[in-house]
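Residue numbers (numbering that gives the first Met the number 0), protein chains in the order written: chain A, 0 to 284; chain B, 0 to 246.
None of these hints come from the bench; they were simulated from the model. From the three backbone atoms N, C-alpha and C, an ideal C-beta is built for every residue, glycine too. Possibly wrong hints are sitting among the right ones.
[Unchecked claim] Restraint ranges, calculated between C-beta atoms of paired labels, are given here: (1) A:123 <-> B:166: 50 to 58 Å; (2) B:64 <-> A:270: 57 to 65 Å; (3) A:123 <-> B:120: 53 to 61 Å; (4) A:261 <-> B:107: 43 to 51 Å; (5) A:118 <-> B:238: 55 to 63 Å; (6) A:87 <-> B:108: 28 to 36 Å; (7) A:176 <-> B:129: 25 to 33 Å; (8) A:189 <-> B:16: 27 to 35 Å.
[Stated by the list, open to error] A few chain A residues facing chain B, derived, Cβ under 7 Å: (9) 174; (10) 178; (11) 182; (12) 185; (13) 187; (14) 189; (15) 201.
[To be verified] In silico negatives: residues of chain A with every beta carbon more than 12 Å from chain B: (16) 128; (17) 196; (18) 198; (19) 218.
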Amino acid sequence: MASEGDRRADLEVARRSRILGGDARAVGVSLASTIFFFALLAFAITHAPGWPEVRQTFFDWHEFKSSFPEIARAFLLNVKIFSIAECFIVTLALLIAVLRSLPGPVFFPLRALAIAYADFFRGVPTILVIAILGFGAPALQLKHVPTSTTFWGIVALVLIYTAYVSEVYRAGIESVHPSQEAAARSLGLSRGQALRYVVLPQAVRRVVPPLLNDFIGLQKDTALVGILGAIEAFNQSQIDTDATFNYTPYLAAAALFVAITIPLARFTDALILRDRRRRQAGRVA
Amino acid sequence: MSALELESVRKSFGRLEVLRGIDLGVAEHEVVCLIGASGSGKSTLLRCVNLIEPVDSGRIVVEGAEITRRGVDVNTIRRRIGIVFQAFNLFPHMSVLHNVTLAPRAVLGRSRREAEAGARELLARFGLADKGDDYPDRLSGGQQQRVAIVRALAMEPQLMLLDEVTSALDPELVAEVLEVIRELAAGGMTMLIATHEMGFAREIADRVCFLDEGVILEQGPPAQIFTRPREPRTQQFLARIVAAGRM
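Same shape as in the complex, but just chain A:
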């Protein structure tokens, strides 16, 4: 009786590993098929009529090496924009999602405001918001507010991505069954406590993958701040290509973005897997 849960868990794990395969033969087949596929792809590209020219303008190793250090330095600005914006986005978005989940007619104005905000900033193209705020806001000459383009670029990104991320959080909150809140309230927890200890932890766990999706999107969109004149990776690579008429610096910038986003994606996958293993080992479909 006591080992009931354990036995079920073992059974489920065994079942899963059979479905996923994983024996030596399967590994060999997938390896061979991968090699064959990429060989075919490489052959098709290198035998295209325009390949010699493309190789010269996009895959110039010398150009790559000479432009890379400066682009990498400029990329630090992208990282900075991303990191600062992200901190604000995760907090503000959660606040807005919670506002939207408040029940009762008293909170209608707050709910309406949150809905209007999300609708508006998800509807306007990112590049427009950045342009409007980046070029318009400094012209207001507000006291005690920075006029730097980077600052307003960050504000624009925060406004846009908070709208997206608040929707993600909201979906997470709504996916937690009402019986969970009822159970928490029945123990004497206030609505706020139930939200904090019971609903939100479950909601946030469930939305980690879509959340990461938005983080990657944000990371890429930091390049849009370049239109305001800030010298970030994309702007720097554009300066380089303008000087040499060679497009290889674009690839250098792209490599830098990918170098950050891919590890981030794998890291999140690992987090999700760890959480699932810990909690759901015993769940039988």
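Here the structure of chain A is known, so what remains is to put chain B in place on it, guided by the hints.
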């Protein structure tokens, strides 16, 4: 003074009248079982007592204090009333120990050490001593339901409401949960129990109430209700239960 007093409690969901005037008193240390077909209002009645559902009219009085008054602090009232649900409703993202200590710490302001000591003692009392660090999904249904009972008990309630706590369990796991309830009754816990387990109700109840279409149609000691029910509807209901082999 009775532990719980309901006076003409009514509750509708939209046009559906679920409770149509319930009068019921439960004395200290009394175990009252609610029986009746699905949809007769048993669960709604329990949920109203816990204020999960607001009543439309009528009064509910707990230990002399009316809890259906306007402006009453529901959080304070719920502390004194434990409820256990059919579907366990454990918090899946917390270990068993954390499930049990959450409310004592967050609501009663107990220290972590104090709350955990109390929780471990309760878990041990109900045969769950080695389960404290497990997550709910690792446990069998019977174990989960026992944890849910322990979680409610950790708040030291004066009254326990059990809402068909064995209905979601595999048949072989029912006994261990009933054993826990038996122990609670022996310890003098005041309980209001909605159940489909007629044999159990007969054994444990001081009084059995038959609910039919939102009213208590008949009530009395189990021996009377189960062997000499007066109302034709009660007789029909029990005949169906017997025919289904459930008694």
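So, going through the hints one by one against the coordinates:
1. A:123 <-> B:166: 50 to 58 Å: 52 Å Cβ-Cβ, so the 50 to 58 Å window holds.
2. B:64 <-> A:270: 57 to 65 Å: violated, 48 Å
3. A:123 <-> B:120: 53 to 61 Å: holds, 59 Å
4. A:261 <-> B:107: 43 to 51 Å: holds, 48 Å
5. A:118 <-> B:238: 55 to 63 Å: holds, 59 Å
6. A:87 <-> B:108: 28 to 36 Å: Since residue 87 of chain A and residue 108 of chain B have Cβ atoms about 33 Å apart, the given range 28 to 36 Å holds.
7. A:176 <-> B:129: 25 to 33 Å: The hint (25 to 33 Å, Cβ to Cβ) holds, given that residue 176 of chain A and residue 129 of chain B are roughly 28 Å apart.
8. A:189 <-> B:16: 27 to 35 Å: For residue 16 of chain B against residue 189 of chain A, whose Cβ atoms are near 31 Å apart, the range 27 to 35 Å holds.
9. 174: Violated. Min distance 13 Å.
10. 178: Given a least distance of 5 Å, the restraint on residue 178 of chain A holds.
11. 182: Interface hint status for residue 182 of chain A: holds (4 Å vs cutoff 7 Å).
12. 185: This interface hint holds because 5 Å falls under the 7 Å limit.
13. 187: At 4 Å from the nearest chain B Cβ, residue 187 of chain A passes the 7 Å test, so the hint holds.
14. 189: Constraint on residue 189 of chain A satisfied, holds at 5 Å.
15. 201: With a closest approach of 5 Å, the residue 201 of chain A hint holds.
16. 128: Fine: 36 Å to the nearest Cβ keeps residue 128 of chain A off the interface.
17. 196: Given a closest Cβ separation of 6 Å, the condition is violated.
18. 198: The assertion about residue 198 of chain A is violated, with a minimum of 10 Å to chain B.
19. 218: Nearest chain B Cβ is 28 Å from residue 218 of chain A, so the label holds.
Comparing the model with each numbered hint stated earlier shows that hints 2, 9, 17 and 18 do not hold.
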